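Visitor: One-letter residues, chain by chain:
2 protein chains.
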Amino acid sequence: MKKTVAIAGATGAVGQQMLECLKERNMDVDVKLLASARSKGKVIDGYVVEELTPESFQGVDYVLGACENDVTKMWMPWAMEAGCVVVDNSSAYRLDDNVPLVVPEINADDIAKNNGIIANPNCSTIIALVACDALKKEFGIRRMVVTTMQAVSGAGVKGIADLENQIKDENAPKTAFPYQIAYNLIPQIGDFDELGISKEEWKMQNEGRKIWHDDDLLVNCTCVRVPVLRSHSESILLECDKEVDVEKAKDVLSNALGVQLKDDPQNKVYPMPLDTTNQDDVFVGRIRKDLTDPTGKTLSLFCCGDQIRKGAATNAVQILEKLLAQTEQ
Amino acid sequence: MKKTVAIAGATGAVGQQMLECLKERNMDVDVKLLASARSKGKVIDGYVVEELTPESFQGVDYVLGACENDVTKMWMPWAMEAGCVVVDNSSAYRLDDNVPLVVPEINADDIAKNNGIIANPNCSTIIALVACDALKKEFGIRRMVVTTMQAVSGAGVKGIADLENQIKDENAPKTAFPYQIAYNLIPQIGDFDELGISKEEWKMQNEGRKIWHDDDLLVNCTCVRVPVLRSHSESILLECDKEVDVEKAKDVLSNALGVQLKDDPQNKVYPMPLDTTNQDDVFVGRIRKDLTDPTGKTLSLFCCGDQIRKGAATNAVQILEKLLAQTEQ
Numbered sequence: 001m002k003k004t005v006a007i008a009g010a011t012g013a014v015g016q017q018m019l020e021c022l023k024e025r026n027m028d029v030d031v032k033l034l035a036s037a038r039s040k041g042k043v044i045d046g047y048v049v050e051e052l053t054p055e056s057f058q059g060v061d062y063v064l065g066a067c068e069n070d071v072t073k074m075w076m077p078w079a080m081e082a083g084c085v086v087v088d089n090s091s092a093y094r095l096d097d098n099v100p101l102v103v104p105e106i107n108a109d110d111i112a113k114n115n116g117i118i119a120n121p122n123c124s125t126i127i128a129l130v131a132c133d134a135l136k137k138e139f140g141i142r143r144m145v146v147t148t149m150q151a152v153s154g155a156g157v158k159g160i161a162d163l164e165n166q167i168k169d170e171n172a173p174k175t176a177f178p179y180q181i182a183y184n185l186i187p188q189i190g191d192f193d194e195l196g197i198s199k200e201e202w203k204m205q206n207e208g209r210k211i212w213h214d215d216d217l218l219v220n221c222t223c224v225r226v227p228v229l230r231s232h233s234e235s236i237l238l239e240c241d242k243e244v245d246v247e248k249a250k251d252v253l254s255n256a257l258g259v260q261l262k263d264d265p266q267n268k269v270y271p272m273p274l275d276t277t278n279q280d281d282v283f284v285g286r287i288r289k290d291l292t293d294p295t296g297k298t299l300s301l302f303c304c305g306d307q308i309r310k311g312a313a314t315n316a317v318q319i320l321e322k323l324l325a326q327t328e329q
Numbered sequence: 001m002k003k004t005v006a007i008a009g010a011t012g013a014v015g016q017q018m019l020e021c022l023k024e025r026n027m028d029v030d031v032k033l034l035a036s037a038r039s040k041g042k043v044i045d046g047y048v049v050e051e052l053t054p055e056s057f058q059g060v061d062y063v064l065g066a067c068e069n070d071v072t073k074m075w076m077p078w079a080m081e082a083g084c085v086v087v088d089n090s091s092a093y094r095l096d097d098n099v100p101l102v103v104p105e106i107n108a109d110d111i112a113k114n115n116g117i118i119a120n121p122n123c124s125t126i127i128a129l130v131a132c133d134a135l136k137k138e139f140g141i142r143r144m145v146v147t148t149m150q151a152v153s154g155a156g157v158k159g160i161a162d163l164e165n166q167i168k169d170e171n172a173p174k175t176a177f178p179y180q181i182a183y184n185l186i187p188q189i190g191d192f193d194e195l196g197i198s199k200e201e202w203k204m205q206n207e208g209r210k211i212w213h214d215d216d217l218l219v220n221c222t223c224v225r226v227p228v229l230r231s232h233s234e235s236i237l238l239e240c241d242k243e244v245d246v247e248k249a250k251d252v253l254s255n256a257l258g259v260q261l262k263d264d265p266q267n268k269v270y271p272m273p274l275d276t277t278n279q280d281d282v283f284v285g286r287i288r289k290d291l292t293d294p295t296g297k298t299l300s301l302f303c304c305g306d307q308i309r310k311g312a313a314t315n316a317v318q319i320l321e322k323l324l325a326q327t328e329q
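One line per chain: the protein sequences are A and B, in this order. Under my numbering, the first residue of the first sequence carries the number 1, and numbering increases by one thereafter. Under my numbering, the first residue of the second sequence carries the number 1, and numbering increases by one thereafter.
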């Protein structure tokens with residue numbers, strides 16, 4: 001019997017991409033689109049959007065969650081009550097001990113430990129971890145120093161609108177960001193704590209430890225919003241347990257799941273966010289030994305990934321595929 | 001008697017800014033604008049541009065050089081022959097042992113050691129070193145991990161034209177960069193060596209050692225071109241000799257020459273390139289202790305500076321002011 005998959009938050013950038021991913025992958029499921037009352041009756045790709053209510057989850061097997069934390073927390077009990085299994089893209093449950101946090105290329109086995117909720121990690125975290133996982137297996141990663149350069153669509157459709165409107169008129173309203181983002185950079189994503197570290201900057205260490213099952217992982221992160229429409233970029237320094245080797249690094253990355261090696265700088269081959277836009281793979285390049293570490297254990301690289309696809313929707317749909325495969329067995 | 005100052009390369013972005021800086025600072029000098037034959041007769045701010053020839057330097061006391069390396073190397077012997085003192089913004093002579101490399105806030109004393117040429121450092125290097133100099137004096141800096149996010153005007157007027165034209169039409173020609181820069185990031189500035197490190201990425205360590213008189217300085221740098229018109233931004237990790245203290249760091253920075261402390265993230269106060277555009281000061285903020293260094297000796301910060309002003313023209317004109325003051329004594 002066909003399973004029913006509901007997308008909660010179907011009208012947002014991630015929700016719409018989830019629907020596209022389901023279709024691209026020819027997944028044999030019935031789809032139900034849920035959103036707020038405001039979007040009720042809207043038609044997306046032939047599906048009529050329904051208002052998300054306590055009754056929405058009756059007869060639904062799986063939910064792909066693409067809502068903000070507060071909205072997610074509202075409907076999650078309804079989905080649990082109805083016996084759904086939820087793959088949730090919000091950050092509300094990511095660090096909950098009862099909720100696996102999964103990047104299928106890295107820790108697909110954790111999916112089986114779920115109690116009804118599986119969390120999708122933060123977009124920058126997914127992109128960085130997919131880029132670095134094969135290197136972690138090869139060299140051991142103990143510390144990462146990361147500067148993220150995050151696209152405006154990380155703030156949803158409002159973020160895209162802000163950039164496009166401000167490009168045309170610098171006095172256009174600021175709806176997604178506190179300052180003009182056109183022709184500018186904003187070194188703030190999320191609120192800051194008393195140490196001056198933003199919520200977004202904490203995520204890579206907190207979520208990385210859980211995904212990699214490595215409580216000793218250290219991540220220093222600086223998150224910067226950039227005037228790019230789609231795809232996040234990250235400049236990453238990796239301090240490893242073993243001495244690193246650039247050729248070996250390229251070798252393991254060229255065989256890594258979800259990764260495309262783009263590393264031939266002499267011929268101007270390196271990752272760029274325009275090239276990963278609308279791609280599921282993470283591009284990795286600019287791989288070089290850090291000559292400022294005399295022990296030779298540090299590697300530098302640059303990576304890009306579409307944060308709406310692999311950083312959110314694709315990752316969630318990959319988890320759903322694993323769940324569906326399990327029920328078929 | 002009034003001194004005569006020639007600007008070589010007067011029609012470029014840096015050359016034009018040099019003229020503006022001379023005027024803003026009400027410097028009591030005669031000005032002569034020199035450029036290629038193509039620009040001969042062009043009028044800038046009431047000055048008629050002359051063709052740069054072997055005879056151009058007769059009667060000139062000081063030259064502000066704003067040409068590419070090859071052009072600079074062509075005219076430098078002519079300027080030396082004529083007895084000029086040259087403040088040169090090209091990279092041609094920066095690492096020459098006979099040429100002081102100067103950021104006036106840091107090593108103004110080196111100016112006196114000149115033999116006719118004083119070099120202006122690389123723009124990203126000036127901005128980073130101005131941002132970090134007071135911290136180096138306080139805590140000692142032994143290693144820097146830097147990701148630069150460099151504005152298109154670092155590639156001159158062509159870079160600005162590329163961004164502006166590509167914003168209007170994504171098929172607009174690429175004259176300054178190998179790929180579209182509008183809505184994109186390009187992790188290449190300058191050619192790469194066999195280690196995969198670009199020329200621009202080597203500059204901060206090589207030039208930093210000379211300016212700070214510290215041959216042990218280590219800098220790992222990743223340079224990224226961003227779709228910002230003007231002002232470079234840099235995400236910097238500083239590994240220090242002593243344990244760092246955020247309040248002390250803010251304190252010394254608030255008294256540092258050429259620096260404006262912009263560090264109140266809770267109130268959304270941090271450096272942004274749009275805010276430093278057309279400013280001479282370097283803005284520094286996002287200062288926080290790196291919790292991933294268990295020794296407590298590492299500091300993270302974010303800084304921005306107008307690379308055409310402090311990163312080039314203003315720095316050169318400040319050196320010229322010091323030279324003029326010396327002759328008056």
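Don't take every hint at face value.
List time: in silico SDA-like cross-link candidates among lysine to any residue, alpha-carbon distance up to 25 Å [what the hints assert, rightly or not]: (1) K297(A) with I167(B); (2) K168(B) with A176(A); (3) K168(A) with I167(B); (4) K174(A) with N267(B); (5) K158(A) with K268(B); (6) K242(B) with K268(A); (7) K268(A) with N267(B); (8) K199(A) with I167(B); (9) K268(B) with S198(A); (10) K242(B) with K168(A); (11) K158(B) with D169(A); (12) K199(A) with L261(B); (13) K174(A) with K168(B); (14) K248(B) with W202(A); (15) K248(B) with T295(B); (16) K168(A) with T277(B); (17) K268(A) with V246(B); (18) K199(A) with D169(A); (19) K268(B) with N206(A); (20) K242(A) with K158(A); (21) K250(A) with L229(A); (22) K174(B) with N278(A); (23) K242(A) with K268(B); (24) K248(A) with D193(B); (25) K199(B) with P294(A).
No wet-lab data here; the hints were simulated from the structure. This one's a predicted model, so the numbers in the text were calculated from it and none came from an experiment.
Visitor: Each of the hints needs a verdict: does it hold here or not?
Guide: Results for each hint:
At most 25 Å may separate the alpha-carbon atoms for a hinted pair to count; K297(A) and I167(B) exceed this at roughly 41 Å. The straight-line distance between the Cα atoms of K168(B) and A176(A) is roughly 23 Å, inside the 25 Å bound, and the hint therefore holds. Using a Cα cut-off of 25 Å, the hinted pair K168(A) and I167(B) holds, with the two alpha carbons roughly 10 Å apart. Distance check on the hinted pair: K174(A) and N267(B) sit about 17 Å apart at the alpha-carbon level, within 25 Å; holds.
Restraint check for K158(A) and K268(B): the C-alpha separation of about 20 Å stays at or below 25 Å, so the hint holds. Proximity of K242(B) to K268(A) is assessed by CA-CA distance (about 40 Å); at most 25 Å being required, the pair is judged violated. With a CA separation close to 41 Å, the supplied pair K268(A) and N267(B) exceeds the 25 Å bound. Proposed proximity of K199(A) and I167(B) is contradicted: the alpha carbons are some 32 Å apart, above 25 Å.
Only pairs whose Cα atoms come within 25 Å are accepted, and K268(B) paired with S198(A) is accepted, the gap being roughly 11 Å. Between the alpha carbons of K242(B) and K168(A) the distance comes to roughly 49 Å, so the proposed pair goes past 25 Å and is violated. Restraint check for K158(B) and D169(A): satisfied, since their Cα atoms lie roughly 23 Å apart, inside the 25 Å limit. For the proposed pair K199(A) and L261(B), the alpha carbon gap of about 23 Å is at most 25 Å, so the pair holds.
The suggested pairing of K174(A) with K168(B) holds, with an alpha-carbon distance near 21 Å, which does not exceed 25 Å. The straight-line distance between the Cα atoms of K248(B) and W202(A) is roughly 24 Å, inside the 25 Å bound, and the hint therefore holds. Of the pairs offered as hints, the one joining K248(B) and T295(B) holds, with about 17 Å between alpha carbons and a cut-off of 25 Å not exceeded. Between the alpha carbons of K168(A) and T277(B) the distance comes to roughly 19 Å, so the proposed pair stays at or under 25 Å and holds.
For a cut-off of 25 Å, the pair hint linking K268(A) to V246(B) is broken: about 40 Å separates their Cα positions. Restraint check for K199(A) and D169(A): not satisfied, since their Cα atoms lie roughly 31 Å apart, outside the 25 Å limit. With a C-alpha separation of about 24 Å, the suggested pair K268(B) and N206(A) falls inside the 25 Å cut-off, and the hint holds. For the given pair, K242(A) sits about 44 Å from K158(A) by alpha-carbon distance, which is inconsistent with the 25 Å threshold.
Restraint check for K250(A) and L229(A): the C-alpha separation of about 29 Å exceeds 25 Å, so the hint is violated. With a C-alpha separation of about 23 Å, the suggested pair K174(B) and N278(A) falls inside the 25 Å cut-off, and the hint holds. For the proposed pair K242(A) and K268(B), the alpha carbon gap of about 40 Å is over 25 Å, so the pair is violated. Distance hint between K248(A) and D193(B) is fulfilled; the C-alpha atoms sit about 19 Å from each other, no more than 25 Å.
Restraint check: the Cα-Cα separation between K199(B) and P294(A) comes to about 21 Å, which is no more than 25 Å; the hinted pair holds.
Violated hints, in rising order: 1, 6, 7, 8, 10, 17, 18, 20, 21, 23; the structure is consistent with all others.
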